[in-house]
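**Student:** Okay, here's what each chain looks like letter by letter:
2 protein chains.
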Amino acid sequence: MTTPYQLYYWDGLQGRGEFVRLALEEAGIPYQDVARQKKGMPALMASLDADKVDHPSFAPPVLRAGDLLIGQTANILLFLGARHGLAPRAEAGRLWANQLQLTIADIVVEAHDTHHPISTNDYYEDQKKEARARARDFRAHRIPKFLDYFEGVIQHNPGRGGYAVGSRLSYVDLSLFQLVDGLRYAFPKTMDKLAPTWPGLMALYVKVSQRPNIAAYLQSKRRIPHNESCIFRHYPELEK
Amino acid sequence: MTTPYQLYYWDGLQGRGEFVRLALEEAGIPYQDVARQKKGMPALMASLDADKVDHPSFAPPVLRAGDLLIGQTANILLFLGARHGLAPRAEAGRLWANQLQLTIADIVVEAHDTHHPISTNDYYEDQKKEARARARDFRAHRIPKFLDYFEGVIQHNPGRGGYAVGSRLSYVDLSLFQLVDGLRYAFPKTMDKLAPTWPGLMALYVKVSQRPNIAAYLQSKRRIPHNESCIFRHYPELEK
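Residue numbers (the working numbering), protein chains in the order written: chain H, 272 to 511; chain U, 272 to 511.
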């Protein structure tokens, strides 16, 4: 079957690919999750290979849309948002959505670095002590700073409906859902404690999870469970 | 004097603001560097304040363009690139330029974390040991991985002129100049050793530095010297 889009992302983890999956699922767009299919890995590797494609990516996720090969999560969402009504049409709104998505990308890097503060080339077990220190800072300072910011964005949005941007759902809302979901998995105690300080963000989280396409997706096998291969990892010792 | 643009960025360091400055300087667009002017700091702080502006940024740089207030470096460059001929006009080229800029942003985060691997809230002196470990990994693995990638992009670009994207200078080239310049400042031995492996990138670095507007800017007082308040810091112990 030919689908309009092929997504290239590592099998076995949600990772950054999940931000793209949520947009495709919400929009109801058929797509192939290439590396999760038989013999999909060589195609994923080719998307990173300058000898094989015109616009090789540094890392997945990569989206193929016909002749276009697009890398970097926020860039893929910029493209999908414009094509499928998941972002405002006007320039000001489009830039604002992209700005918020890039800020989400920033905290995602920091969430990853809580378990790999020294090197992505070494095991977590080899940087556990440093991970504990970095996670402590992340929980105490960075989660509140970023999520307070997003709460403020939602509270000050003049559009109705409790969304981040304007009066309609955008890919930013889907990504905020994923961010909160990942943080709740990785740092449940911290998030339980702080959740009441973000009424707008938590309401948006619930609202996104109840959208028919998203709810169906989350129940499906296409949604890979959170796990310790991912950006958001639950290591109880990092929450002590 | 009214200028078309106001840039809000911390005074005293190049930081992420520099990627925006280089684009404005190359395009010859007058701009105010607000926080470097008398009484500029309150205006910068207001750009981050949800009670004072419609689209508050999480952090500088922020660019004001008339009614638009735009945050996130790559987002500002996306806007300026389209307006001032510093990016391809066609969608495929625009997305490719944005993708490369986001990949530059990724290594910039990692360069910062070499001196602050545990917490941005603590002094470098309090995380020196961890900084040494992270810097070792960054020099051995991450600089080569990222810069080999950019070298491949330049080498495989079918456009003439040795640029990253197409046959004309784009903001990506300016940002690659800044990335190389910062890394040369922070890790001079590493960069001297590896530079011959990146002939295309180093040629582009020289070429950008010789563009009339850029050369004039680099000689001017508007260019803040590299220093240890910045992302790219020269701590000799991090190169041992």
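Keep in mind that the hints are not guaranteed to be accurate.
A pair counts as met if it fits within one copy or between any two copies, since identical chains are not told apart.
[As the list claims (entries may be wrong)] Listed below are the simulated DSS-like cross-link pairs for lysine-lysine, each with C-alpha atoms no more than 25 angstroms apart in a straight line:
| # | residue 1 | residue 2 |
| --- | --- | --- |
| 1 | Lys-460 | Lys-416 |
| 2 | Lys-400 | Lys-511 |
| 3 | Lys-478 | Lys-416 |
| 4 | Lys-399 | Lys-511 |
| 5 | Lys-416 | Lys-323 |
| 6 | Lys-323 | Lys-400 |
| 7 | Lys-399 | Lys-309 |
| 8 | Lys-478 | Lys-309 |
| 9 | Lys-310 | Lys-323 |
| 10 | Lys-309 | Lys-323 |
| 11 | Lys-464 | Lys-323 |
| 12 | Lys-400 | Lys-309 |
| 13 | Lys-492 | Lys-478 |
| 14 | Lys-492 | Lys-310 |
| 15 | Lys-511 | Lys-464 |
| 16 | Lys-478 | Lys-464 |
| 17 | Lys-478 | Lys-310 |
In short, the hints are calculated from the structure, not lab data.
**Student:** If a hint holds in the structure, say so; if it does not, say that too.
**Tutor:** Hints versus structure:
1. In this assembly of identical chains, Lys-460 and Lys-416 lie within 25 angstroms of each other by CA distance solely inside one copy; the values are 17 angstroms within and 37 angstroms between copies.
2. When the C-alpha separation of Lys-400 and Lys-511 is checked against a cutoff of 25 angstroms, the pair qualifies both within a copy, at 12 angstroms, and between copies, at 23 angstroms.
3. In this homomeric assembly, Lys-478 and Lys-416 come within 25 angstroms of each other (Cα to Cα) only inside a single copy, at 23 angstroms, whereas the closest approach across copies is 40 angstroms.
4. Within a single copy, Lys-399 and Lys-511 get their C-alpha atoms as close as 13 angstroms, and across copies as close as 24 angstroms, so both meet the 25 angstroms cut-off.
5. For the identical chains of this complex, Lys-416 and Lys-323 are inter-copy neighbours only, at 18 angstroms across copies versus 42 angstroms inside a copy, given an alpha-carbon limit of 25 angstroms.
6. With identical chains, the CA atoms of Lys-323 and Lys-400 are never at most 25 angstroms apart, being 41 angstroms at best within one copy and 41 angstroms at best between copies.
7. Taking the shortest Cα distances, Lys-399 and Lys-309 never come within 25 angstroms of each other, neither inside one copy (35 angstroms) nor across copies (46 angstroms).
8. Taking the closest pair of Cα atoms, Lys-478 and Lys-309 never come within 25 angstroms of each other, the shortest separation being 35 angstroms inside a single copy and 46 angstroms across copies.
9. Taking CA atoms no more than 25 angstroms apart as the test, Lys-310 paired with Lys-323 passes inside one copy only; the shortest distance there is 17 angstroms, against 54 angstroms between copies.
10. Within a single copy, Lys-309 and Lys-323 get their C-alpha atoms as close as 20 angstroms, which meets the 25 angstroms cut-off; across copies the closest is 53 angstroms, which misses it.
11. Proximity of Lys-464 and Lys-323 under a CA criterion of 25 angstroms is satisfied in neither setting, with 49 angstroms inside one chain copy and 29 angstroms between copies.
12. For a Cα distance limit of 25 angstroms, the shortest separation of Lys-400 from Lys-309 qualifies neither inside one copy, at 39 angstroms, nor across copies, at 45 angstroms.
13. Taking CA atoms no more than 25 angstroms apart as the test, Lys-492 paired with Lys-478 passes inside one copy only; the shortest distance there is 21 angstroms, against 51 angstroms between copies.
14. For a Cα distance limit of 25 angstroms, the shortest separation of Lys-492 from Lys-310 inside one copy, 19 angstroms, qualifies, whereas the shortest one across copies, 57 angstroms, does not.
15. Taking CA atoms no more than 25 angstroms apart as the test, Lys-511 paired with Lys-464 passes inside one copy only; the shortest distance there is 14 angstroms, against 43 angstroms between copies.
16. Only within a single protomer do Lys-478 and Lys-464 lie at most 25 angstroms apart by alpha-carbon distance; the minimum there is 20 angstroms, versus 54 angstroms between protomers.
17. Taking the shortest alpha-carbon separations for Lys-478 and Lys-310, neither the intra-copy value of 37 angstroms nor the inter-copy value of 43 angstroms comes in at or below 25 angstroms.
Hint compliance for this structure: hints 6, 7, 8, 11, 12 and 17 are not met, and every other hint is.
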